[in-house]
Amino acid sequence: MKKNELNKDQGLRLAVEHKTEAAERMTLSEDFTDRLMQRIEQQDKQPQRHRVWLYSLIGVAASIILLISVGIVLHAPQSEDPVLMVRTDTIKATPRTEVPKEVQKKKEQPQEKNTKAAPRTPRHYMAKAEPTEVTPKPDSIDATALAERAFAEERRRMEMEMMAQMSGSIQSDFKALTDEIRSRGERMSQHVEMAMSNEE
Amino acid sequence: MEQKTGNTPKAIQDETLLIRRILDGQTALFRQLVGRYAGQVLRMVARLIPSPEEAEETVQDTLLEAFQSLARFDARQASFQTWLMRIAYHMALKHYRQHQKSIPLVDVEQNRLDAIPDDETDGLLNDTAANRVALMERAIGMLKPDDQMLLSLYYFDNRPIREISCIMEHDESYFRSRLQWIRKKLALIIKTLESNEEE
Numbered sequence: 001m002k003k004n005e006l007n008k009d010q011g012l013r014l015a016v017e018h019k020t021e022a023a024e025r026m027t028l029s030e031d032f033t034d035r036l037m038q039r040i041e042q043q044d045k046q047p048q049r050h051r052v053w054l055y056s057l058i059g060v061a062a063s064i065i066l067l068i069s070v071g072i073v074l075h076a077p078q079s080e081d082p083v084l085m086v087r088t089d090t091i092k093a094t095p096r097t098e099v100p101k102e103v104q105k106k107k108e109q110p111q112e113k114n115t116k117a118a119p120r121t122p123r124h125y126m127a128k129a130e131p132t133e134v135t136p137k138p139d140s141i142d143a144t145a146l147a148e149r150a151f152a153e154e155r156r157r158m159e160m161e162m163m164a165q166m167s168g169s170i171q172s173d174f175k176a177l178t179d180e181i182r183s184r185g186e187r188m189s190q191h192v193e194m195a196m197s198n199e200e
Numbered sequence: 201m202e203q204k205t206g207n208t209p210k211a212i213q214d215e216t217l218l219i220r221r222i223l224d225g226q227t228a229l230f231r232q233l234v235g236r237y238a239g240q241v242l243r244m245v246a247r248l249i250p251s252p253e254e255a256e257e258t259v260q261d262t263l264l265e266a267f268q269s270l271a272r273f274d275a276r277q278a279s280f281q282t283w284l285m286r287i288a289y290h291m292a293l294k295h296y297r298q299h300q301k302s303i304p305l306v307d308v309e310q311n312r313l314d315a316i317p318d319d320e321t322d323g324l325l326n327d328t329a330a331n332r333v334a335l336m337e338r339a340i341g342m343l344k345p346d347d348q349m350l351l352s353l354y355y356f357d358n359r360p361i362r363e364i365s366c367i368m369e370h371d372e373s374y375f376r377s378r379l380q381w382i383r384k385k386l387a388l389i390i391k392t393l394e395s396n397e398e399e
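These protein sequence lines are chains A and B, in that order.
Residues 1 to 200 (the numbering used here) are what the first sequence spells out, left to right.
Residues 201 to 399 (the numbering used here) are what the second sequence spells out, left to right.
Hints are computed from structural coordinates only; laboratory data are not their basis.
Just so you know, even glycine gets a beta-carbon here, dropped at the ideal spot from N, CA and C.
Label pairs and their in silico Cβ distance ranges:
#, chain 1, residue 1, chain 2, residue 2, range
1, B, Ser395, A, Arg35, 46 to 54 angstroms
2, B, Leu217, A, Glu24, 27 to 35 angstroms
3, B, Glu397, A, Asp44, 53 to 61 angstroms
4, B, Ser395, A, His18, 18 to 26 angstroms
5, A, Arg39, B, Gly323, 46 to 54 angstroms
6, A, Ser29, B, Gln380, 39 to 47 angstroms
Okay, chain B solo, but in the shape it has when bound:
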């Protein structure tokens, strides 16, 4: 079902032309965009919505919203894919907040985070030992959904900060400092979990 997407200037030009034709009334052509991007949207949404049915419903809502606000898409600001991911992210976050279950989020004081040296944080997060990675997975689950999304966009999708700031609608500088803050927080949670296990 999924088609290949290209980021070449010609592909972008073709896509812009396709969007213009859809806006001119050839609604059926939207099917092509759905074929290209629905899978990516699903993978993005499913990071916050584990239920396959609910995730698929959110993808439907995302693409419907994209169709309705297609006239507002500006190719000079971001690619269609980034624009679509932004809608998907907000839809997923909205769904997550509406169906929020009791997730043990951890609130930590800033002074405790500052107390952890940078070297220690780097060492903990660079460790690929299976038990450490398992602890990290647990620790990630304790983060806020938008922080989890930031990690997946940065570490898994390898998206540049500029693109992430476009999707999550914040300044680049905010995400740079936010990533450092999340790393420290993860390090603190891992240390706490390890000390709990030892006890």
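Pulled out of the complex, with its shape left as it was, chain A reads as follows:
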């Protein structure tokens, strides 16, 4: 609508004025502003309450999730573990000299994963089960190895002690033997000298 058209529609303008007359006469109550400011103050406080509720709710939810996850880990089904233990055993308990076998096993695993569409054990089972089930194994292996090493060392030490004890008698026997050899040699040289003198 153009500006000069504002002078048009005088009847409509009057009708609109009449329609809005009632609205123009309306006034607000005396305590309107006070009530509004009270509401504003209440609204100002409400977000803080909301925040407290929100934080406590998050805390409760987090603790529930933690408890559930701990429960899952502790009561994880044992049927899933042997496979895991075999895998971890082969990886962890096999001696270093059998590296090719280990490599073979490691290579086989991804093939199994690719071919089998069956549900795999969840990752968190793997991660959590390892320390609970597998860690004792390396400990026991270490203990036996250590014990064996200790036994060997002990045996070696005892042998050394026995050798040390025996070394005194060996020396005396050797002395007697050398004395006998020396006396034999002297005797033989005497026999040779006597035979040479007789020929002369």
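Starting from the known structure of chain A, fit chain B onto it as the hints suggest.
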């Protein structure tokens, strides 16, 4: 209770400063804005909500909403008054739709509107005879609430289309064509009402 509002650059600057202080935590200063604009908001809202109690409640909701979204007010886009009127308009419309009573709205076919010549429309709406004006009032009551608001903002408040488009959130071109369409529709309703009375 109502204070004078100014549109001078200094008044706008003071108002912007006042809003900044409110946003900085001086909540009590919002009382000044309420004193300036609550009456205008009431008059705007009351055009769609005739009950004084409900209208006052809607004004409360409008000003509370304005306080809560004060940080989103951008003085470069519109004046505070226009921004506040936009909130008031949407609040009033929401309240109107929630408490809608059976109002006889008239749906007319576009071809019937096109059939009315522009001269005839101009003549009907420019007529200030009491019975014609009374018919026009009845016809306005049969329009949709947003069309009624558009008429009051344009013909009563004499607001420019640019400001109306800011309050009612539509393009200026939309409101220009919408006003022409409403005028035609009013003319058609008036003619229908007159023919009914004659019968």
